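Assemble chain B onto chain A, guided by the hints.
Those protein sequences? They're chains A and B, same order as listed. So in UniProt numbering, spot 76 of the first sequence is number 76, and the numbers just go up one at a time. So in UniProt numbering, spot 62 of the second sequence is number 62, and the numbers just go up one at a time.
These aren't lab readings, by the way, just hints derived from the structure by calculation. All the given hints hold, so there is nothing to weed out.
Pairs of lysine-lysine residues, derived as DSBU-like cross-links and limited to a Cα-Cα distance of at most 30 Å, are as follows:
hint, chain 1, residue 1, chain 2, residue 2
1, A, Lys-44, B, Lys-108
2, A, Lys-108, B, Lys-108
3, B, Lys-124, A, Lys-107
4, B, Lys-108, A, Lys-107
5, B, Lys-52, A, Lys-107
6, A, Lys-3, A, Lys-74
7, B, Lys-124, B, Lys-108
8, B, Lys-124, B, Lys-52
9, A, Lys-40, A, Lys-124
10, A, Lys-108, A, Lys-52
11, A, Lys-108, A, Lys-40
12, B, Lys-52, A, Lys-44
13, B, Lys-40, B, Lys-52
14, A, Lys-108, A, Lys-124
15, B, Lys-107, A, Lys-107
16, B, Lys-74, B, Lys-3
17, B, Lys-124, A, Lys-108
18, A, Lys-40, A, Lys-52
19, B, Lys-107, A, Lys-124
20, A, Lys-108, B, Lys-52
21, B, Lys-44, A, Lys-107
22, A, Lys-44, B, Lys-107
23, A, Lys-52, B, Lys-107
24, A, Lys-107, B, Lys-40
25, A, Lys-40, B, Lys-108
26, A, Lys-108, B, Lys-107
27, B, Lys-40, A, Lys-108
28, A, Lys-108, B, Lys-44
29, B, Lys-5, B, Lys-74
30, B, Lys-107, B, Lys-40
31, B, Lys-108, A, Lys-52
32, A, Lys-40, A, Lys-107
33, A, Lys-74, A, Lys-5
34, A, Lys-52, B, Lys-52
35, A, Lys-107, A, Lys-52
36, A, Lys-124, A, Lys-107
37, A, Lys-52, B, Lys-44
38, A, Lys-40, B, Lys-107
39, A, Lys-52, A, Lys-124
It should be emphasised that the depicted structure is a prediction, and the values quoted were computed from it without experimental measurement.
2 protein chains.
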Amino acid sequence: MAKTKRIITILLRLLAFGATLTATVVMVTSHDSAEVLNLKFSAKYTNSPAFKFYVIAEAIASGYGLIALFLCSKSSVERLIVILDVVVAMLLTSSISAALAEAEIGKKGNSHAGWLPICGQVPKFCDHVTGALIAGFAAAIVYLVLNLYSLLVVLAPLFPVKP
Amino acid sequence: MAKTKRIITILLRLLAFGATLTATVVMVTSHDSAEVLNLKFSAKYTNSPAFKFYVIAEAIASGYGLIALFLCSKSSVERLIVILDVVVAMLLTSSISAALAEAEIGKKGNSHAGWLPICGQVPKFCDHVTGALIAGFAAAIVYLVLNLYSLLVVLAPLFPVKP
Numbered sequence: 001m002a003k004t005k006r007i008i009t010i011l012l013r014l015l016a017f018g019a020t021l022t023a024t025v026v027m028v029t030s031h032d033s034a035e036v037l038n039l040k041f042s043a044k045y046t047n048s049p050a051f052k053f054y055v056i057a058e059a060i061a062s063g064y065g066l067i068a069l070f071l072c073s074k075s076s077v078e079r080l081i082v083i084l085d086v087v088v089a090m091l092l093t094s095s096i097s098a099a100l101a102e103a104e105i106g107k108k109g110n111s112h113a114g115w116l117p118i119c120g121q122v123p124k125f126c127d128h129v130t131g132a133l134i135a136g137f138a139a140a141i142v143y144l145v146l147n148l149y150s151l152l153v154v155l156a157p158l159f160p161v162k163p
Numbered sequence: 001m002a003k004t005k006r007i008i009t010i011l012l013r014l015l016a017f018g019a020t021l022t023a024t025v026v027m028v029t030s031h032d033s034a035e036v037l038n039l040k041f042s043a044k045y046t047n048s049p050a051f052k053f054y055v056i057a058e059a060i061a062s063g064y065g066l067i068a069l070f071l072c073s074k075s076s077v078e079r080l081i082v083i084l085d086v087v088v089a090m091l092l093t094s095s096i097s098a099a100l101a102e103a104e105i106g107k108k109g110n111s112h113a114g115w116l117p118i119c120g121q122v123p124k125f126c127d128h129v130t131g132a133l134i135a136g137f138a139a140a141i142v143y144l145v146l147n148l149y150s151l152l153v154v155l156a157p158l159f160p161v162k163p
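The shape of chain A in the complex, shown without the other chains:
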């Protein structure tokens, strides 16, 4: 039972690490430029605070994921890891929501505010951002599963099911 639990946890952590690393790399390499009316127009992730926050959050989650992969089997830090998992899940959720809100404006614009969509001009940039968001979304879901799993496993002995 303990061994199955450890294997499931390590598999989930590997998945989460891969997803966050992919999200970071794909977002950092996103770059495209276009020329509209002789005006050079360049799009990269550093142009937007939300995308910068996304890269920083995914990079932190990758680093933490790698460390947690080696430490999660040690019982002395198990309590700290359970709490840090929740914090990292919140960080990921927050960064994805911010980046998604900004990407939505980039994709569809907002006619009420007079903001035009930019994906028509810089399609390569938009594709990269979409890819990075999908990878980040997968990572967030893995962390959610990891949290619910460890909460259920950790909480189980405290609340025995009544017949």
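Okay, now just chain B, sitting in the frame of chain A:
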């Protein structure tokens, strides 16, 4: 000890309920219009998907907060409440990040994408959104404290501190 724990939890839940309710009401009542070059320009929260998501999330959190206030002392649902607290905290974090990213563009614009700031035209709308975001932020922090508190209290017996 159990009584102190219950009083702290109820106080935190009351705070969180007040904050989410305030955030919902302030965001829903946000409305301003301006006339630029004979063009009527109206700003309300329904113009933005991120702000709509914010109102829905804060309303759900208010409803849950009210129910949890009455149920949290019953031990039969304690386990469910601990898990739902984490889910609500993530929902709040997500909605605040999305609304904040959109509000940041409204406040400062994004010169790279050609999006102009709108707060100069509709200051009353921007003030309401700022107020709603501050209330939502307070609610998210209260839920974070609530989660860490219940995690520490619940996890404590499982991981005794070694001398």
